[in-house]
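Asks: Based on the sequences and whatever the hints tell you, model everything.
Each chain is listed here by its residues.
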Amino acid sequence: QALPQRSGPSALLVSPRQKGNPILNGVKAVAWEYSDIPADYVLGATTCALFLSLKYHRLHPEYIYNRIRDLRGQYQLRVLLTLVDIDNHEESLRELSKTSLHNNVTVMLCWSAQEAGRYLELFKTFEHTAPTAIRAHQSTSYPDKLVEFITTPRSINKTDAVGLVSNFGSVRTAVNAGPDEVALIAGWGEKKVQRWCNTVREPFRVKK
Amino acid sequence: MSVADHAPKEFQQDIFKELREEDELVLLARGLGLLRIVTNLLHSYDAAGNNLILLLGADERENTWIGEALAEHAAISMSPKARGLSLVNTDVMSVATREKMYTQGGIFSITSRILIVDFLSNLLNPETVTGIVVLHAERVVATSLEAFILRIYRQKNKSGFLKAFSDSPEPFTSGFSPLSNMMKNLFLQKPSLYPRFHLAVAKSLEGRKKAEVIELEVPMTDAMKDIQLAVLECVEVSISELKKGNSGIEMEDWTLDSALHKNFDTIIRRQLDPVWHRTSFKTRQIVRDLTLLRNILGALLSYDAVNFNRYLDTVLAASQPPPGSNKQNQSPWLFLDSAHTIFETAKRRVYAGKLTNADLTANPNAVPDSMHPVLEEFPKWALLAEILQETEQDMYLNPITYDGSNGSILIMCGDQGTCRQLREYLQTMWVKVEANENEEQNADDSTPSASFMMRRRLRNYLAWKREFAKVSNALFSENEKAINGATDQRSGQSSSRGKAPPSKRRRMRGGGTTSGDRSATGALRTAGDRDAHLASLMAELQPTEIENLQKGEIAFDTLEDMEEYYELFDMNELVVVHPYEGDMDEHVLEEVKPRYVIMYEPDAAFIRRIEVYRSSHSDRNVKVYFMYYGGSVEEQRYLSAVRREKDAFTRLIRERGNMAITLTSAAIAPEESFLRTINTRIAGGGRLAATATPPRVVVDVREFRSSLPSLLHGQNIVLVPCMLTVGDYVLTPQICIERKSVRDLISSFTNGRLFNQVEAMTEHYKSPMLLIEFDANKSFTLEPFADFASAANQGANATPDLQSKLVMLTLAFPRLRIIWSSSPYQTAEIFAELKKVQDEPDPVKAVSLGLEDGEDAEARTFNQVPQDMLRVVPGVNEKNLVRLTLQVGSLFELANMEEEEIVGIVGKVAGRQIWRFFNRSVYDE
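For the record, the sequence lines run as chains Y and C. Take the first sequence: its position 147, counting from 1, is numbered 149 in our numbering, and each next residue is one higher. Take the second sequence: its position 888, counting from 1, is numbered 1256 in our numbering, and each next residue is one higher.
Keep in mind the hints are simulated off the structure, nothing from the lab. Backbone N, C-alpha and C define an ideal beta-carbon position, used for all residues, glycine too. One or more hints might be untrue.
Stated by the list, open to error - Sample of chain C residues lacking proximity to chain Y, with all beta carbon distances greater than 12 Å (derived):
hint	residue
1	R388
2	A443
3	E574
4	I582
5	Q761
6	G775
7	I1085
8	V1088
9	Q1194
10	E1208
11	V1240
Claimed, not checked - Pairs of lysine-lysine residues, derived as BS3-like cross-links and limited to a Cα-Cα distance of at most 25 Å, are as follows:
hint	chain 1	residue 1	chain 2	residue 2
12	C	K838	C	K715
13	Y	K160	C	K1134
14	Y	K100	C	K1108
15	C	K1134	Y	K194
16	C	K650	Y	K147
17	Y	K160	C	K838
18	C	K593	C	K715
19	Y	K147	C	K833
20	C	K1134	Y	K100
21	C	K1276	Y	K147
22	C	K838	Y	K147
As the list claims (entries may be wrong) - So the derived list for chain C, only partly shown, Cβ under 8 Å to chain Y, looks like this:
hint	residue
23	Q784
24	E1071
25	T1178
26	A1180
Replies: In structure tokens form, the structure reads like this:
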């Protein structure tokens, strides 16, 4: 069976089985409509989702396997949107981890109906978005970069960063500064000085 | 010469004898010579020769101490078999070298991460180990690497000895029956407690002549009191703000009292830790503020007035909200009147000056008559000078009868910074500033004063401040300019335009918390204070002739130079200034043999050290001066530290009394009972029958920092430590797993590392998996406390939250599976589940993946932190990052490269960006 033709357009498709599911109240940012689909939700041309509440799963453990089977290998990304609504979830989640591997589904956990709704929205919204936001550092202004660069080693904070550059004038001179010089800056205790000076001199590569 | 000579105190000898006879945990009060006992013990084994002893958990200083002490012992006792201490501490040492060293035997101080890998890869067979000595036993918690090491050791080696030491009893008292749990982790049965009030200890220290201690309570100046009070107020408000924002959390003990405690910010952080990934930006900011406020409290007592003010200037500039944000992002404490008090009072300690609008507008460059330096001095300084004079008289009146100690004076203080300050003070306190201008303190020629030093500091400060104003302008001025660009122009040009902003500034400084412009006050203050104001101060501070005669630089000696000083100076006239350094201080006492000790700051452990020293050398007279600021945080901390240690010991003694039964049952064979527990879990042992060889997992060596390998080992899984380029764990030929704790997840999303890791896994494995691992006692949810409504309202321009990033990741890699695990324990079980009826992974193949042809795996292992820093540099992306790390040695090297060289490696655009990042001057613009 071919992919549903109507899944191209903007709306999020919802199976009538999901009627009354409170997570639909959380879907506000994108339009949705009922449609006869094997999955619970169709989030894009190649993406679908099944909804599972762990409470239900414990009572009817076979349910989700039937639903996955009904998908018949369609869709590239098959999300198993799982609502964690019980306390002793360990065993169920362990089982689902294994299931996800064998049945080619991706488990996404959520802890409230609202969060679940938001996931649906997000999948639809980002359907055509390139993953630039997670691909590399998002470029920010020079001062931010500067502060972030200096505060990367543990325990060095923003105040220290400002103190450092204001004393040395540029990153290069700050990197070149010896421990004695850095220690003269207010706020730089011995540990921080050590950490800074060692980190910038530490070789990138662990040599043998 | 017998060993006993080196452990002169009776209780130290007791402990030593006990340790020679049986395995135990020794908990000693701080300052009672723990390292001395350890080295005696190690030497006794070292001298016997033909053994392999591992020392676990020693830090750098302790290694040096033990190494030196062992060499000394060996020289004195002339034991031919003694070899001293060998260090195995970095990855620098190659596998072959290590193997050779182990076969030769001796005493090794070894990093846990290396030892565990060597144990697992059988480079070092646990059965060949003669014994293990564990320092800092308080760190050996159930999931720690040390506990893992001891477990492997005890499983394979039942006859080797095992001794553990600790001198901080406090961690042993938190949680449910902590001592017996700790003993279980250590595979030890007998705890041996030696608090200061232990009978044997008290007897050895108090029996004979006690050290003469003179306690001096110094009052703080009014300004210091005001600042301390104001800071505490800010702390209080921050804490109540924190309570408001996190109503769901236990926080009865978030009180001002606990704020006096040395690390109240860490305590709060630890309490918030379970929910840290769910807390709001504001909460995190307040926690950061608390750390900052604690630093300010400490700085108030240790930095001189000028440096303190300078530190506050930095704090203010750094607290500027990011451009484009509103005042909601400003730290709440900055809005308080107390904050105003802090900054104003700190300034008034340095210079008094009324900067009226009239002055500024009428004549921006004139020197207002009302401004002059104040330069408040620490009351302790005067007292210090007084004590030194007194000792001089004392020595004159009671000339040294030969008593074994030198006539020298030892001054002990908190850290190197204070040391420098005191040295400078002592060297310059008799230098008089010429009687000019409105100096008042030079009336009496005979009083020492810090005015010379302080004037010099102020000059430096003013020079710095000019630059700093530019820096803070260049870095943090976006919003400031937006709010009132006029201020900047005024200072550069003439007076006509400046009228409105300064008056506005005045109003706000004194004023309420309502103004939206308030966020800019910090920068405004910096800007407003500049030029006119500074010029006048500079003019007044022109060095006088006498000052010019003095050498500019103060030479200060660190401990390393001490040997040279011995040759140069007569010990009888020496004044040594030294910071507290834990057990190292014993050396200082032994070597300086002071007749007078001045404790510039209180330290309970050091008092005991003096007691030990005093009673080990009955022929030496020591007079101790002990000073602290009355009613200060310093005093409170000292008292509470002493009290807490005592309470901890009392509780431990009680627990030990009740512990007997638990111990005998655990005593049968802790490792066997451990295995039994494990076996029952695995399908009634069915698995063991099914597979002849136990299941195997290839683990990246860097993963041994986490507790998961230890728990996997507990699941009867064989761990194969390897250097992996792709993934952290390889379970089967198909399954490769990247493990991320929630905190890692957030940071590796931000810098793009995760994307690349997943990309590499997808390329090489059929089933790439991302493991999101929550902490055992952290809340198992990603939901933030704030509701989604606000996040949704911000729309597309808000920074994407964790959920959105996860969605993007799954959309980009549909084949990626996500494992959600509520704790490392849970993860271990999931791994076992995933491995059922699957092929075993091939370590050789796993290692080779992701490497280019002919590349060695070890050539591609990188140090994480410098690499993370490099990722931040503009122009660096994942591709040229590898090229850079392979061709450039370190950040230091990169920073000093010419533009052309960098361009040669990464190309023109990126190269220029990188070069510019390092070389751009913040003083410009």
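Asks: If a hint holds in the structure, say so; if it does not, say that too.
Replies: A quick look at each hint next to the structure:
Its beta-carbon lying about 36 Å from the closest one in chain Y, C:R388 satisfies the requirement of being farther than 12 Å from that chain. Every CB of chain Y is more than 12 Å from the CB of C:A443 (nearest about 31 Å), matching its label as outside the interface. The beta carbon of C:E574 sits about 34 Å from the closest Cβ of chain Y, which is more than 12 Å, so the claim that it is off the interface holds. Listed as a non-interface residue, C:I582 keeps its Cβ farther than 12 Å from every Cβ of chain Y; the least gap is roughly 29 Å.
Even its closest Cβ contact with chain Y, about 35 Å, leaves C:Q761 beyond 12 Å, as expected for a residue assigned away from the interface. Non-interface status of C:G775 relative to chain Y is upheld: no Cβ of that chain comes within 12 Å, the nearest being about 30 Å off. Distance to chain Y confirms C:I1085 as a non-interface residue, since its nearest Cβ pair spans about 15 Å, more than 12 Å. With a cut of 12 Å on Cβ distances, C:V1088 stays outside the contact zone with chain Y, its closest approach being about 19 Å.
Here C:Q1194 does not stay apart from chain Y, with its beta-carbon only about 5 Å from theirs, under the 12 Å limit. Distance to chain Y confirms C:E1208 as a non-interface residue, since its nearest Cβ pair spans about 17 Å, more than 12 Å. The Cβ of C:V1240 does not lie farther than 12 Å from every Cβ of chain Y; its closest approach is about 5 Å, which violates its non-interface assignment. Pair hint C:K838 plus C:K715 holds up; C-alpha atoms about 20 Å apart against a cutoff of 25 Å.
Using a Cα cut-off of 25 Å, the hinted pair Y:K160 and C:K1134 is violated, with the two alpha carbons roughly 43 Å apart. With a C-alpha separation of about 19 Å, the suggested pairing of Y:K100 with C:K1108 holds against the 25 Å cut-off. Distance restraint check for C:K1134 and Y:K194: the Cα-Cα separation of roughly 44 Å exceeds the 25 Å cut-off, and the hinted pair is therefore not satisfied. Taken as a hint, the C:K650 and Y:K147 pair is honoured in the structure, with Cα atoms around 21 Å apart against an allowance of 25 Å.
Restraint check for Y:K160 and C:K838: the C-alpha separation of about 18 Å stays at or below 25 Å, so the hint holds. For the hint linking C:K593 to C:K715, the alpha-carbon distance of about 14 Å falls within 25 Å, and the restraint holds. Distance check on the hinted pair: Y:K147 and C:K833 sit about 23 Å apart at the alpha-carbon level, within 25 Å; holds. Of the supplied pair hints, the one linking C:K1134 and Y:K100 holds, its CA atoms being roughly 15 Å apart against a limit of 25 Å.
Taking the CA atoms of C:K1276 and Y:K147, the gap is about 20 Å. The hint holds against a cut of 25 Å. For the proposed pair C:K838 and Y:K147, the alpha carbon gap of about 18 Å is at most 25 Å, so the pair holds. Contact between C:Q784 and chain Y, as hinted, is supported at the beta carbon level, the nearest pair being about 6 Å apart and thus within 8 Å. Hint status for C:E1071: violated, given a least beta-carbon distance of 15 Å to chain Y, over 8 Å.
Using the Cβ-Cβ criterion of 8 Å, the hint placing C:T1178 at the interface with chain Y is satisfied: the shortest such distance is roughly 5 Å. Because the beta carbon of C:A1180 sits about 4 Å from the nearest beta carbon in chain Y, less than 8 Å, this interface hint is met.
Comparing the model with each numbered hint stated earlier shows that hints 9, 11, 13, 15, 24 do not hold.
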